[in-house]
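Student: Could you slot chain R onto chain V? The hints should help.
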Amino acid sequence: MIGAYLLQTFPWKKQWGVMFVGGALISSGLLIVSVSYAVSRAGLSYANPIYWVGMLLQFVPAAFVILRKNVTRQEALGMVLLLGFTLYLSKVLVNPFTFAFSDEMQQWRSTYNSLETHRLFESNPILEVSPYYPGLQNITHALVSLTGWTIHDAGVILIGVVRVMLMLSLFLFFEGISRSHRIGGLSALLYMCNPAFLGWTSYYIYQSLALPWAFLALYCIIRLRFIETPFIESATNLRFGLMVCILLMAPAITVTHHMTAILFAGLVTLFAVGPALWVKFNTTRNWHIMAKLARKVSKWLSRRVALFWILARQNKNVEFEKNEFGWLAAMIFIYIFIWITYFASLTLPYLGGQIADIVIETINFIVSKPSARTGDPLPDLPPFELALAYGSMILLLIGVPFGMLQTLRRFRGDSLAISMVSGSSALFIVFIVRFTSSRGGEILSRTWPFLYVIIAFVLAVGILFLTDLASWIKWPMRLGVLSAMLILFVGGIASGWPPYWGRLPGKYIVGAAERSVDIYGLTASTWARDHIERNSIMASDFMLIHMLGSYGLQSPVLGLPELFLSESFSDYQYNLINEYGLEYLVVDTRMADEPPTWGFYYGYWEPNTNDAVQLRYITKYDVVPPVNRIYDNGAVIFYDVHGLLEK
Amino acid sequence: MMRRYLDLILLFVVTIIVLVLQLINVEGGIVMKLTGAVFVLFAPGYAVMAAVFKEDVLEPSAKIALGIGISLAISAVGAIGLYGIGALLTRTSWTFFLVIIILGCSIVAVVQRSRDTFYMPNFVAPKLSFSEILLLMFSLLALGGGIYLARTAAQNQAYVPFTEFWVVPQSKDVSEIEIGIRNYEQTKMVYELKIRINGRDVEAWSNISVQPDQEWTRVYTLPPKLTYNETIVVYLYTDKDSSKPYRWGQIYR
Numbered sequence: 001m002i003g004a005y006l007l008q009t010f011p012w013k014k015q016w017g018v019m020f021v022g023g024a025l026i027s028s029g030l031l032i033v034s035v036s037y038a039v040s041r042a043g044l045s046y047a048n049p050i051y052w053v054g055m056l057l058q059f060v061p062a063a064f065v066i067l068r069k070n071v072t073r074q075e076a077l078g079m080v081l082l083l084g085f086t087l088y089l090s091k092v093l094v095n096p097f098t099f100a101f102s103d104e105m106q107q108w109r110s111t112y113n114s115l116e117t118h119r120l121f122e123s124n125p126i127l128e129v130s131p132y133y134p135g136l137q138n139i140t141h142a143l144v145s146l147t148g149w150t151i152h153d154a155g156v157i158l159i160g161v162v163r164v165m166l167m168l169s170l171f172l173f174f175e176g177i178s179r180s181h182r183i184g185g186l187s188a189l190l191y192m193c194n195p196a197f198l199g200w201t202s203y204y205i206y207q208s209l210a211l212p213w214a215f216l217a218l219y220c221i222i223r224l225r226f227i228e229t230p231f232i233e234s235a236t237n238l239r240f241g242l243m244v245c246i247l248l249m250a251p252a253i254t255v256t257h258h259m260t261a262i263l264f265a266g267l268v269t270l271f272a273v274g275p276a277l278w279v280k281f282n283t284t285r286n287w288h289i290m291a292k293l294a295r296k297v298s299k300w301l302s303r304r305v306a307l308f309w310i311l312a313r314q315n316k317n318v319e320f321e322k323n324e325f326g327w328l329a330a331m332i333f334i335y336i337f338i339w340i341t342y343f344a345s346l347t348l349p350y351l352g353g354q355i356a357d358i359v360i361e362t363i364n365f366i367v368s369k370p371s372a373r374t375g376d377p378l379p380d381l382p383p384f385e386l387a388l389a390y391g392s393m394i395l396l397l398i399g400v401p402f403g404m405l406q407t408l409r410r411f412r413g414d415s416l417a418i419s420m421v422s423g424s425s426a427l428f429i430v431f432i433v434r435f436t437s438s439r440g441g442e443i444l445s446r447t448w449p450f451l452y453v454i455i456a457f458v459l460a461v462g463i464l465f466l467t468d469l470a471s472w473i474k475w476p477m478r479l480g481v482l483s484a485m486l487i488l489f490v491g492g493i494a495s496g497w498p499p500y501w502g503r504l505p506g507k508y509i510v511g512a513a514e515r516s517v518d519i520y521g522l523t524a525s526t527w528a529r530d531h532i533e534r535n536s537i538m539a540s541d542f543m544l545i546h547m548l549g550s551y552g553l554q555s556p557v558l559g560l561p562e563l564f565l566s567e568s569f570s571d572y573q574y575n576l577i578n579e580y581g582l583e584y585l586v587v588d589t590r591m592a593d594e595p596p597t598w599g600f601y602y603g604y605w606e607p608n609t610n611d612a613v614q615l616r617y618i619t620k621y622d623v624v625p626p627v628n629r630i631y632d633n634g635a636v637i638f639y640d641v642h643g644l645l646e647k
Numbered sequence: 001m002m003r004r005y006l007d008l009i010l011l012f013v014v015t016i017i018v019l020v021l022q023l024i025n026v027e028g029g030i031v032m033k034l035t036g037a038v039f040v041l042f043a044p045g046y047a048v049m050a051a052v053f054k055e056d057v058l059e060p061s062a063k064i065a066l067g068i069g070i071s072l073a074i075s076a077v078g079a080i081g082l083y084g085i086g087a088l089l090t091r092t093s094w095t096f097f098l099v100i101i102i103l104g105c106s107i108v109a110v111v112q113r114s115r116d117t118f119y120m121p122n123f124v125a126p127k128l129s130f131s132e133i134l135l136l137m138f139s140l141l142a143l144g145g146g147i148y149l150a151r152t153a154a155q156n157q158a159y160v161p162f163t164e165f166w167v168v169p170q171s172k173d174v175s176e177i178e179i180g181i182r183n184y185e186q187t188k189m190v191y192e193l194k195i196r197i198n199g200r201d202v203e204a205w206s207n208i209s210v211q212p213d214q215e216w217t218r219v220y221t222l223p224p225k226l227t228y229n230e231t232i233v234v235y236l237y238t239d240k241d242s243s244k245p246y247r248w249g250q251i252y253r
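If you read the sequences in order, they're chains V and R.
Quick note: the first sequence, position 341, residue 341 per my numbering, numbers continuous.
Quick note: the second sequence, position 124, residue 124 per my numbering, numbers continuous.
Next up, chain V with everything else stripped away, as it sits in the complex (with noise of 0.2 Å):
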């Protein structure tokens, strides 16, 4: 409070009001983090607290400014765009000279085909989708070529400077609909605290590109509904000017990642018929009914069905404007169809696989006997980011209800806001999937960043209802709400990728991502690329394969855990060997010293793993004629299986 005063009272200019004091303490965060790096990198224990005192100081100040109810725009933005940027800083410093996390790998191999063949659509081993979507290699091509970076420096500058991007379109895009720069502003602060924003959305993945076209595209769309002259001509050529960023943004995203290109249609398609559709519910027929059936479901409730008394009254006779939406989505399906029938053809397979695994694990699931049910529960995070993962599961389930029915009562009419509250309740469909698949953590860390712009907008005009209430129970409100987007935030980071064993860097970890990628790992795949013919077959653990694939330019085949958690060698390796025609197999004997901390050495269908694998078991090829063992570095090791493949 004293803090609060003195900010507010110190004689800033108006203009930039405490933007510099927020910018400073940030920044400072981020200083404390690189602390609790370099802690953590001499295998001291007290890292992890450091961590997080450097995380909530990036947090905090930039909450506390945006919370007050007379923060001006540049203030907001300005909070917005620091701590984006710090955040992904916090992402990069954690292995500043290599990617080290799969997709990341996956991603540097197909730009490095693009760059040493100057072609597109080069085959890539580890991820085969990769090169149909060559919007980030493109990029990055250019950027290596014209400024001589290596594809790792050119990749990280490229994804900063589309974090800066991503933090200016959804600050635009939230202020776009809401037409008020608080709710901008709060908005994007939430958006930071979906637990994807610290991994998937900064690393060097096609996804982090993708993602903030998508929301520069939604801005200008929102900005297309509000000239409201359109027959002037600086109107006329408004218009003009923000239909050709949208048609240079969509191919751009269709062509770079699938599932964005999809969801981004899917975004644009609920604003187009979501307002039609809010029309036809509109009733107050279907009002009575919900009262209704919120009485049935809980005496608590039937309390607060008022609420949808007033909802039916205040919408009732609202009339939604048209929009012009219908034949964007249009426009953004045929790209997607086009791309995928001509150019793309293996999204199909790749995408339709693994959704309808996830129908089925849900399906299974629903039908089975509750004793026979098999989830994917938290991992095993320490006591206090338990707590606080559940905690801000339970806030979102509560603010995300109460958060729709404040935007329902402000914004009554709103053909957008209404269409987010309509895409805010995937967010319960989303977290039915994550308890019941297998995958469901996974799915839930790539669906993040998506669902997150729905919700980070229900939320931030439910917050501010809080926080605007009367000026008795002001202040008690902030804390309170401050509190709460604290726990956000924490427990977004806890709930996220990377976990806690791989947040900080250090040393080498078996099956843990990366923190499997240490100097060994790093050192043989270089070796293999200079010692071994290009696209040799392979097969090794998940981490290995990645670096193989990578930087070491070989073909690994993903999986085959039966090559090497066996006991003896016998007539179904060598029929396996045989079958994907392998012509090495490379071992890390560290395997032998732990189990796999993220639960699987070669892939999440091995069977589950509690103890480590012995060493005589990955090393039975020592003994095994004609198996060459042809590379040792005291951890990797290479056994040339040629002699083993049959003519």
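In case anyone wonders, no lab produced these hints; they're calculated from the structure.
Keep in mind the model is a prediction, meaning the values are calculated, not measured.
One or more hints might be untrue.
[To be verified] Okay, derived cross-link-like pairs now, BS3-like style, lysine-lysine, Cα gap no bigger than 27 Å in a straight line:
(1) 507(V) to 240(R)
(2) 194(R) to 172(R)
(3) 172(R) to 620(V)
(4) 188(R) to 127(R)
(5) 33(R) to 91(V)
(6) 507(V) to 63(R)
(7) 244(R) to 620(V)
(8) 69(V) to 127(R)
(9) 620(V) to 194(R)
(10) 620(V) to 69(V)
Tutor: Here is chain R on its own, set in the frame of chain V:
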């Protein structure tokens, strides 16, 4: 007058610098990195905006976002167009493609602005107070310090010292093998090598001295084959412990 075209003049300067660097084939350097980055990440989009928005109707934040977004879209989709017409993606093709876009759109923008007598871009330099400048400098120092600290810590991260060792057949009949050592022990190492065929010592090298991060390789011609199946084992020892092999490799022929 100059003020009306200031942004386009800056675009033109960046474009010419990149073009000249390309023509005289300069590789690397800070000028190439900076101008190249602006040339790819912002200039094309800004030029397109200048051409399609006749008036200065967009606010600065939207201009920056759209400048970046359209630039990236042009490179992402343009490469497919270039490839579609049969051009390889090289430094030259990128340069000319982006130069055409930037200069073409800039010319359209110049023509439009010259016709519009009321056009005046809204370039406002931010005015900061002394305390704000101090805070800004503190923020930049903290950001720079954070990046420097994280990079330095990553560079100096400790790892268990090790040696890479390999034995690779050089031909299908395995008449020659390449033996290699690379020292990651962070100190000068002295190694010893022994080659055994079917349990019989056939060759040994001692006092192989390798500096940190350096490599030692030899191609060894194996003696003629005496039996149907031969097992060639190469042992690597260090001078610290010559009783137990430090690394080993094995080849069948």
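Student: For each hint, tell me whether it holds in the structure or not.
Tutor: Outcome of the hint check:
{"no.": "1", "hint": "507(V) to 240(R)", "verdict": "26 Å, holds"}
{"no.": "2", "hint": "194(R) to 172(R)", "verdict": "23 Å, holds"}
{"no.": "3", "hint": "172(R) to 620(V)", "verdict": "24 Å, holds"}
{"no.": "4", "hint": "188(R) to 127(R)", "verdict": "58 Å, violated"}
{"no.": "5", "hint": "33(R) to 91(V)", "verdict": "23 Å, holds"}
{"no.": "6", "hint": "507(V) to 63(R)", "verdict": "44 Å, violated"}
{"no.": "7", "hint": "244(R) to 620(V)", "verdict": "20 Å, holds"}
{"no.": "8", "hint": "69(V) to 127(R)", "verdict": "24 Å, holds"}
{"no.": "9", "hint": "620(V) to 194(R)", "verdict": "23 Å, holds"}
{"no.": "10", "hint": "620(V) to 69(V)", "verdict": "68 Å, violated"}
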